[in-house]
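S.K.: Single-letter residue listing:
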Amino acid sequence: MRRSGRLSVLRIVAAVALAAAACTSEGTRQSTSQAPAARQVLTVAAAADGYYENPKYPTIGRYPTNAGIFETLVRMTPDYQIAPSLATSWQFLPPNTWRFRLRTGVKFQDGTPFTADAVRFTMRQLAASDQGSYIGIDKNAKIKVVDDATVEITPSFPNRRLIEQLVHPSNSIVAPTSTATHPIGAGPFKFVSYQRNREITVQRWDGYWGPKPRLEQITFKFIPDGNARVLALQSGQVQASFDVPRESAAEVQSRSGLRLARSPVGAYEALYFDIRGAPGFDLGTDPAIRQAVALAINRDVIVKNVWQGNAEVIQTMIPPAILGPSASSLTGFPFDPTQAKQLLDQAGWKGGDGTIRTKGSRRLTLTMVVGFPNADIHGSMPEAVKAMLADVGIDLKVVTAPDENTYSDRLAKGQGDLFAEVGNQNDANPCFLPDLLFYFHGAGHGDYGYRFGPGAAFDQIIDTKCRQGVNHQDAQQGAAGAMHVLIDETRTVIPIAGILRLYGLTDKIQGFQANPSQTNQDWTSVWLAA
Amino acid sequence: MKAYLARRVVYLLPVWLFVSLLAFGLGRLAPGDPARDVLGRTTGRQPTEREVVAERHRLGLDRPLPVQYLSWLSGAVRANLGTSYTTGEPVSQAIGRTLPATLQLAGAAFLLAVAIGLPLGLLAAAKSWTWIDHLIRAAALLGASIPAFWLGYLLILAFAVRTHLLPAFGPGGPSHLVLPACTLALFDLAMLARLTRAAVLETLGEDYIQTARAKGLREQQTLVRHALRAALVPLVTWTGMSFGFLFGYSVVVETVFAWPGLGYATVLAVQARDYPFLQAFVLLMGTLFVLLNLGVDIAYTWVDPRLRFGRALAAG
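Chains A and Y, in that order, give the protein sequences.
Under my numbering, the first residue of the first sequence carries the number 1, and numbering increases by one thereafter.
Under my numbering, the first residue of the second sequence carries the number 1, and numbering increases by one thereafter.
Hints are all accurate, no fakes.
Which chain A residues stay away from chain Y? Per the calculated CB distances, all over 10 Å, these:
| id | residue |
| --- | --- |
| 1 | Gln-81 |
| 2 | Arg-214 |
| 3 | Pro-334 |
| 4 | Gly-379 |
| 5 | Lys-386 |
| 6 | Val-470 |
Here are some, though not all, of the chain Y residues that point toward chain A, as calculated from beta-carbon distances under 8 Å:
| id | residue |
| --- | --- |
| 7 | Arg-41 |
| 8 | Val-161 |
| 9 | His-164 |
| 10 | Thr-255 |
| 11 | Tyr-264 |
Because the hints were derived from the structure by calculation, they are not lab data.
These numbers come from a predicted model, not from an experiment.
Cβ atoms here follow ideal geometry from the backbone N, Cα and C, with glycine treated the same way.
Next up, chain A with everything else stripped away, as it sits in the complex (with noise of 0.2 Å):
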């Protein structure tokens, strides 16, 4: 290369470290101004695309990106209480019955009322999907239509339960113009466009019946990548983000022109041990070795470190905001490494002084099994818990499931002795996840309620408390109880953190009330800073 080349290469290199300094000094300044911005239009920044178009499960604009297309009959706050939505109120009227009062004067986004008759409409798409049988609205289903404004519900088989499931997105009420690929619901913002893993962009609907959105456009940009998403955010390419990951999580806080929203409790991590293991993998069904376990864990620890303080310890598997007042009556178990080997001693597990416990011959190996929903959101908890209970004596092996499907295969074959999981409450039904996970009476041999259910006494309190309570403060109450029995008493559950849902903002994002359940999350009174 010529000289006269040499030193145009050099000046292009110093211009562009100059226009670096140049913009990383102003590109990021703080909105220090209230008023509102002219142009009303966000672009934020969602996970993996997961949208499914099929007529018969149409979630387009619903879940798992909940882009405020629809609304549901009654809707979950953040503390995870029910409140009135499209229905303005409700009864149940045994024996299995809810009637719905709805709300008048509502119109879908193409113009058409918002009636009974919609809701028969959606009920009967819900059942022929079959997304409706797990809350009995299914072919056996009966949908009465008592007037415009009066619709009656008496699920397939006995839910008290029904009025908590409504609230999730899948559960929207749509248009019967509605279709998979171009949905109209009664929410605040309408549907304009959708590019498979690309984007979805909706606009305020002026006729909306609520509190209308200060945004004028969404748009939701489909970013898989967690650290991807977080320099989008940096490059200000989109204002906001969700699921920040917690690796990132300070960088995003300490950046100027930015901030880090945090939810309350919104998910969990937890570990769940096979107590009906099979030969190889039975370790779980002793209970002392369950309780060690638990007790051999500090949980403050890997909330600091491995989560960042992103997360907060808790007693329960569901975020405790569900359990209301219930939540205090779950006591959850210390960290005692000193006791944990004082039971592994009176089981006769012999060491445990800087060796792996034995008893006869065979060694004291737990296999942990990790890949819900993906092995990365656990971060190195895994490698935490494997030193803490190498502490008192515990060898654990760690299992890496390269996805979701090995994870539940090797769950379903009972090929580990412990699974940890990461787990979300999207609907405002307390009893939702030990009700679905461990209730034990009638699990086939790969189901969950087999592997983890406590049985008997557990399955009791679903099938009263929380199957057939009357109202909410039941289901609450039932919940605990069966929290109780899962985590107090059996130790099949050993809750290691609750987790907070991280959203990165830029500064100008106003009104944004980050929601624990990212499916629910509001965008109505949002609104951008000039």
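For this one, chain A is given, so just place chain Y on it according to the hints.
M.R.: Using the frame of chain A, we list chain Y on its own:
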């Protein structure tokens, strides 16, 4: 030549059958249950066992494997590749939607790799064992060693976050293509530079190169018209196959840059055990590589006239 091409096209059929069987079998060897995965994604919760059994029936997964394979194959020959478990749309629509984005990215990366890698390799050969050669070889080694996702993050940080010169993610105008294409191109560019250097250096020792120089040809003309031309055969092989490999590398780049192409869709399909999509994808890749091979063979005859005349002599 026509007979040769016709034979190669006919060979495609057994290749397709073999590839389709491989795709079908490999997918089902992986642990997991697509029915459970579909329900989890569409309902937003873990499904009950009753729901899973019903979904398996709906997807036809409770039929014997040979029946499943023949059913899919009979649809495939009529261009019906089934419905994607991941998105619920026809597989042909899913591939039709994502393929152009990957072709755009892979095409840009390919052109970049050739436009920069080839001249760099030629320069390194021309200035062999000088500091220019050492610099190019070191850079090529670095380029071939850097993981794509790490490079992608670095480029986003440098050009989008710090300097706001280019967009950080997603498709759009030509500026959106720059960073992902550069990320994808680097490995091929580095390998092409090294291959070109090695191939050209080998030909530079030949007698006809000495003759060309003795005749008074300028060094640049000697390099390009004689040395490079003779070195093209291995380079054509590499560049032909590398276009196919770019499809594979695009998986990581598409994920980092949120590029809605076939690579990223395939990642989702693998995670979800989306058998129809995966089978169609493997069939497509098999076809692509066969056609690329064919293209390379044809390119040989253009690059090396001895292959053309050799056949004519053998025939005549």
